[in-house]
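Trainee: The residues making up each chain are set out below.
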Amino acid sequence: MSTAALRPSALRGRLPGTPRTQSRVLATVIVVVAVLLPYFYDDGSPFIEDCTIALAYVVMALGLNVVVGFAGLLDLGYVAFFAIGAYTIGWFASGFFDGQDIHIGVAEQFQNLPGIHLNFLLILIIAGILTALAGAILGFPTLRLRGDYIAIVTLAFGEIIGRTAINGDDGVFGIGHFNLTNGRQGINPIDKPDLPFIAPFTTLNLRPWYWLALALALLFVFVNVHLRDSRLGRAWIAVREDEVAAVSMGIPTTKVKLLAYSTGAAHGGIAGAFIGAFYEQVNADQFAFSFSIFVLAMIILGGLGSIWGVVVGAIALSFINTRLIPDVLNGVPGKIGLDFDLTQLGFGIFGFLLVIMMILRPQGLIPEKRHRAEFTEGIGGDETLVEVHQ
Amino acid sequence: MSTAEASGPSPSAPVSSADAILETQGLTKIFGGLVAVDDVSFRVPRGSIATIIGPNGAGKTTFFNMLTGLYKPSFGTVIFDGKDCTAKRPDLITAAGVARTFQNIRLFGTMTAVENVVVGRHARMKGSIFGAIFRPPYVRKAEKEGEEEARELLSFVGIHKRWHDQLASNLPYGDQRRVEIARALGSNPKLLLLDEPTAGMNPSESAELTKFMHKVRDERGVTLLLIEHDMKVVMGVSEQITVIDHGEKIAEGDPQEVRNNPRVVEAYLGKQG
Chain S
906 MSTAALRPSA
916 LRGRLPGTPR
926 TQSRVLATVI
936 VVVAVLLPYF
946 YDDGSPFIED
956 CTIALAYVVM
966 ALGLNVVVGF
976 AGLLDLGYVA
986 FFAIGAYTIG
996 WFASGFFDGQ
1006 DIHIGVAEQF
1016 QNLPGIHLNF
1026 LLILIIAGIL
1036 TALAGAILGF
1046 PTLRLRGDYI
1056 AIVTLAFGEI
1066 IGRTAINGDD
1076 GVFGIGHFNL
1086 TNGRQGINPI
1096 DKPDLPFIAP
1106 FTTLNLRPWY
1116 WLALALALLF
1126 VFVNVHLRDS
1136 RLGRAWIAVR
1146 EDEVAAVSMG
1156 IPTTKVKLLA
1166 YSTGAAHGGI
1176 AGAFIGAFYE
1186 QVNADQFAFS
1196 FSIFVLAMII
1206 LGGLGSIWGV
1216 VVGAIALSFI
1226 NTRLIPDVLN
1236 GVPGKIGLDF
1246 DLTQLGFGIF
1256 GFLLVIMMIL
1266 RPQGLIPEKR
1276 HRAEFTEGIG
1286 GDETLVEVHQ
Chain P
148 MSTAEASGPS
158 PSAPVSSADA
168 ILETQGLTKI
178 FGGLVAVDDV
188 SFRVPRGSIA
198 TIIGPNGAGK
208 TTFFNMLTGL
218 YKPSFGTVIF
228 DGKDCTAKRP
238 DLITAAGVAR
248 TFQNIRLFGT
258 MTAVENVVVG
268 RHARMKGSIF
278 GAIFRPPYVR
288 KAEKEGEEEA
298 RELLSFVGIH
308 KRWHDQLASN
318 LPYGDQRRVE
328 IARALGSNPK
338 LLLLDEPTAG
348 MNPSESAELT
358 KFMHKVRDER
368 GVTLLLIEHD
378 MKVVMGVSEQ
388 ITVIDHGEKI
398 AEGDPQEVRN
408 NPRVVEAYLG
418 KQG
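One line per chain: the protein sequences are S and P, in this order.
Going by the working numbering, the first sequence opens with residue 906, and the numbers climb by one from there.
Going by the working numbering, the second sequence opens with residue 148, and the numbers climb by one from there.
This is chain S alone, in the form it adopts within the complex (with noise of 0.2 Å):
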């Protein structure tokens, strides 16, 4: 018992104390400063709008990271669940279903106006448990596949989401002739957030959307880094290792999948509804394969499992997209003498990107630790990778 009682003493012992405190006081000085960005800018400033989007595809990424980076599982249909989102927010706040009138907790001026409309937090939970159940369903024939298997049936599922969503103005699947995603017109407009504390939601000032997104940002860090110290957390890990020996340690790998892939399903979702109400409409077009590999992208370059890796990489790609390559690097072909758009090649600068950073950091920006001794020390019983690294 004595030495029960010594241990937990020890271990904080043991503990470095600064570095620690360092990365908190880090932490801290990153949020005061992401929180306050919006007054450094005008409250319409294309770069708050481009901020608002990367904080977005941060917890676009964040839940990619649950299933490809914690569980190993690689999905390569992630926009699927960007769309079915993107589609709720599309369904329950707009004046898509005419024929209805229903109006909860919304403000007075959607009060009159036809169709569904909901309050935005409310969507936020639908959109969550939507996406989360079509994550289960995703992840049931997957369940017995391994590796590339597991990538070529939800390539497939994104694919038919996306299918869906453009033939969808009549039918589903063939069957009936119901209106469900108003095809290649898409659904607008839909409603803007109306949310107590924060100035009213408009086209012109951007600064609340910003801090939405940022406290939703903030809000799944926490979530994935309790998510990833947890029982549940090493379990994924667990089954990404060996999956045999996790089974045979009592871990139930169906249930543990299925929740890696609904939980990252529910982070897309609820992105999704979000970034359907920044744009004011859900386009079916939006959702195509490209989408899933942008985000399967951000956490490659960030570093596969790694949270902060994950955010760093989706902000810096995000950037990329909407501000470097149409912005500052779109005069550049034609300066030289070349007539061509560089927007045309974004995603051949992507592809580039990677190759350079499969060359020179292979691990990620900021890697995870686990994955970061796979690289360095050649353990994860991969000798493929000790020989590279010779």
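No lab work stands behind these hints, which were simulated from the structure alone.
Please read these numbers as outputs of a predicted model, since none were measured by experiment.
Honestly, I wouldn't trust all of these hints.
The calculated SDA-like cross-link candidates involving lysine to any residue, where the alpha carbons are at most 20 Å apart (straight line), are [stated by the list, open to error]:
1) P:291 x S:1130
2) S:1274 x P:310
3) S:1274 x S:925
4) S:1274 x P:316
5) P:288 x S:1131
6) P:219 x S:1149
7) P:379 x P:337
8) P:291 x S:1131
9) P:219 x S:1050
10) S:1160 x P:310
Here are some chain P residues pointing at chain S (derived, C-beta under 10 Å) [unchecked claim]:
11) 216
12) 234
13) 238
14) 258
15) 270
16) 273
17) 305
The beta-carbon is built from N, C-alpha and C at its ideal position, and this holds for glycine as well.
Take the given structure of chain S and dock chain P to it, following the hints.
Mentor: Relative to the frame of chain S, chain P by itself:
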């Protein structure tokens, strides 16, 4: 103090079915046309150290995999602790009280030794996904207890403190085997299956492990079932030996009986000319 000695039978006492912690009846596994395990019925007395031996490819590990639910038996039943565990999910069998180690060490290489053992406790810990996110006091308490118990288990199996927070794959080979045993003990099993625990060990390490098996049985009241090739270990530690050859049980008994059984000698050395 040991529960094993209080409730368990002495090694030489006749075994009644009430005393068996594990019992199989006609257990058979067929892979395509190959009968890997053929109609094996056997019984492990509660509180004993039992061993399965047999030449390479005799079907011992396949038999283990059926006991732990990794393979579904083609025919036959597995009864653990009075309950039918035939073809149950492996995680449920572990939760019921069967833990195992592997012939080729299967630790989670990128986790520390402590984390590995905490994973072994998975079935015994509480905590839903919401518990993980919101971390109510009971979850924090369980986490803290889990880590403390993991460190105690590591010390129990003889892992020095300085290795506790090292990545499992960086540990010396013999210690990895011990961590694997600690991880299995983490689920607080009634029956511990060890698949070739002394493989790759030198004679002095094997001798130490033999002593350690008695310690596990006596101090933690765990019944042990081993697959082992090292005859010195087998004869030194076993109270009951079951011999399997070509998937069939060919002999069973205490070390003396098995050693003198002509069929066993034949299986290992071939027929006399």
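Trainee: Could you run down the list of hints and mark each one as holding or not?
Mentor: Evaluated hints:
{"no.": "1", "hint": "P:291 x S:1130", "verdict": "holds, 17 Å"}
{"no.": "2", "hint": "S:1274 x P:310", "verdict": "holds, 17 Å"}
{"no.": "3", "hint": "S:1274 x S:925", "verdict": "holds, 15 Å"}
{"no.": "4", "hint": "S:1274 x P:316", "verdict": "holds, 14 Å"}
{"no.": "5", "hint": "P:288 x S:1131", "verdict": "holds, 15 Å"}
{"no.": "6", "hint": "P:219 x S:1149", "verdict": "holds, 14 Å"}
{"no.": "7", "hint": "P:379 x P:337", "verdict": "violated, 26 Å"}
{"no.": "8", "hint": "P:291 x S:1131", "verdict": "holds, 15 Å"}
{"no.": "9", "hint": "P:219 x S:1050", "verdict": "holds, 19 Å"}
{"no.": "10", "hint": "S:1160 x P:310", "verdict": "violated, 32 Å"}
{"no.": "11", "hint": "216", "verdict": "holds, 8 Å"}
{"no.": "12", "hint": "234", "verdict": "violated, 14 Å"}
{"no.": "13", "hint": "238", "verdict": "holds, 5 Å"}
{"no.": "14", "hint": "258", "verdict": "holds, 7 Å"}
{"no.": "15", "hint": "270", "verdict": "holds, 3 Å"}
{"no.": "16", "hint": "273", "verdict": "holds, 8 Å"}
{"no.": "17", "hint": "305", "verdict": "violated, 15 Å"}
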